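Line by line, the protein sequences give chains L and Z. Those letters in the first sequence? Residues 1 to 213, by my numbering. Those letters in the second sequence? Residues 1 to 213, by my numbering.
Simulated from the structure, these hints should not be mistaken for lab results. As the structure is a computational prediction, the values presented were derived from the model and not from experiment. There's no promise every hint is true.
Just so you know, same-sequence chains aren't split out, so a pair can sit in one copy or run between any two.
Stated by the list, open to error - Subject to a maximum C-alpha distance of 27 Å in a straight line, what follows is the list of computed DSSO-like cross-link-like pairs (lysine-lysine): (1) K136 x K125; (2) K46 x K136; (3) K144 x K46.
There are 2 protein chains.
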Amino acid sequence: MTVIITAFERSPDGGRGLARDTRVRWALEEVGQAYDVRYVSFQAMKEPTHLALHPFGQIPTYEDGDVALFETGAIVLHIAERHAGLLPEDANGRARTIAWMFAAVNTVEPPILELVTAVIFERDKPWSEQRLPLVKDRVRERLKQLSARLGDAQWIEGAFSAGDLMMVSVLLRLRASGLLDEYPNLAAYVARGEARPAYRRAFAAQLAANTGS
Amino acid sequence: MTVIITAFERSPDGGRGLARDTRVRWALEEVGQAYDVRYVSFQAMKEPTHLALHPFGQIPTYEDGDVALFETGAIVLHIAERHAGLLPEDANGRARTIAWMFAAVNTVEPPILELVTAVIFERDKPWSEQRLPLVKDRVRERLKQLSARLGDAQWIEGAFSAGDLMMVSVLLRLRASGLLDEYPNLAAYVARGEARPAYRRAFAAQLAANTGS
Chain L
1 MTVIITAFER
11 SPDGGRGLAR
21 DTRVRWALEE
31 VGQAYDVRYV
41 SFQAMKEPTH
51 LALHPFGQIP
61 TYEDGDVALF
71 ETGAIVLHIA
81 ERHAGLLPED
91 ANGRARTIAW
101 MFAAVNTVEP
111 PILELVTAVI
121 FERDKPWSEQ
131 RLPLVKDRVR
141 ERLKQLSARL
151 GDAQWIEGAF
161 SAGDLMMVSV
171 LLRLRASGLL
181 DEYPNLAAYV
191 ARGEARPAYR
201 RAFAAQLAAN
211 TGS
Chain Z
1 MTVIITAFER
11 SPDGGRGLAR
21 DTRVRWALEE
31 VGQAYDVRYV
41 SFQAMKEPTH
51 LALHPFGQIP
61 TYEDGDVALF
71 ETGAIVLHIA
81 ERHAGLLPED
91 ANGRARTIAW
101 MFAAVNTVEP
111 PILELVTAVI
121 FERDKPWSEQ
131 RLPLVKDRVR
141 ERLKQLSARL
151 GDAQWIEGAF
161 SAGDLMMVSV
171 LLRLRASGLL
181 DEYPNLAAYV
191 ARGEARPAYR
201 RAFAAQLAAN
211 TGS
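Take these sequences, add in the hints, and give me the full structure.
Rendered as structure tokens:
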């Protein structure tokens, strides 16, 4: 059975690895599952064929035989459940890893998405300069809490897991803002994620797709 | 074993059911699992005892014997996995339900949270009136896609599931904005959720806690 994911034909970030297919590629690389990629144009993403697969017209999607999934968090969890390496084996550890996956996308990522929106889509608005510090402070509130919890641990809870994969991926969106560097243990945590061979392969694959190199 | 969740001692919404403990109460009511509630003040939420349970100083949390969880999505999934009624039995249906749970919190909720922030925390800012239409349009984009996918179905995919529980809960935050009424099938979908006996019991329980009635 071949795993097929979708990705941007041309990522809006030009290959910096911030499009969400990188998260799924990373998970697949961690567990050693080969995959094919179907590249989708912005126009095709809003057409019925793709909308049947992804109701919100986004990437990535995941197909494996008769399984068809959307939503990065769900895809990463699906991969983690079917292969060793991304979820602890005990039930409690597994449940806590899933808690960290949800925390990444529902507690830490929303203010980061707001910052991305403010910087990219509201940059030219008259309120942009005055509003940005408020938005950054909301991100800092979450980073401060996450930093306190992580302390000097390598990973968020025991061994590297799908929780770290999702959290590092969410935090990577902050690099350009400089906010991450205000919390050295989080910057080091993200760097540890990026240093993993599986991440490097995932990053290289999306970069090659975006630059044709 | 007694299930214990945490909730606001006094919810900021005064009992309108929008605090996230309602989502967990609803899941517990759907599966017929009794629970106790420990009420936490705003001050106590930021203290070490609660932060050990919830790194981001929020509610709800979930304790059941030696399991301790945070993040509503993870708690609802944990409940759904341990009891019948909230997840399809076949593996594909289960994976797709989890996709809808993540879609609720990571695709549909972020623009809704942005709207809540704009209306509540930026109401007095000089840009508030001019910016609000932009924020509302971002919400409408998601509602339009969700409305198109739901069509005239009762629930988002087959029988009622944890995906519907999460999606209805996220959409309920929009009631005061009037945006939900622009999509009659979504308004009816939310009303179907609210009409479920389990939701009504969950809502009544949080209301009683907030009004002392």
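Status of the hints after comparison with the structure:
1. K136 x K125: both (17 Å within a copy, 16 Å between copies)
2. K46 x K136: between (32 Å within a copy, 20 Å between copies)
3. K144 x K46: between (38 Å within a copy, 12 Å between copies)
Every hint from the earlier list agrees with this structure, and none is contradicted.
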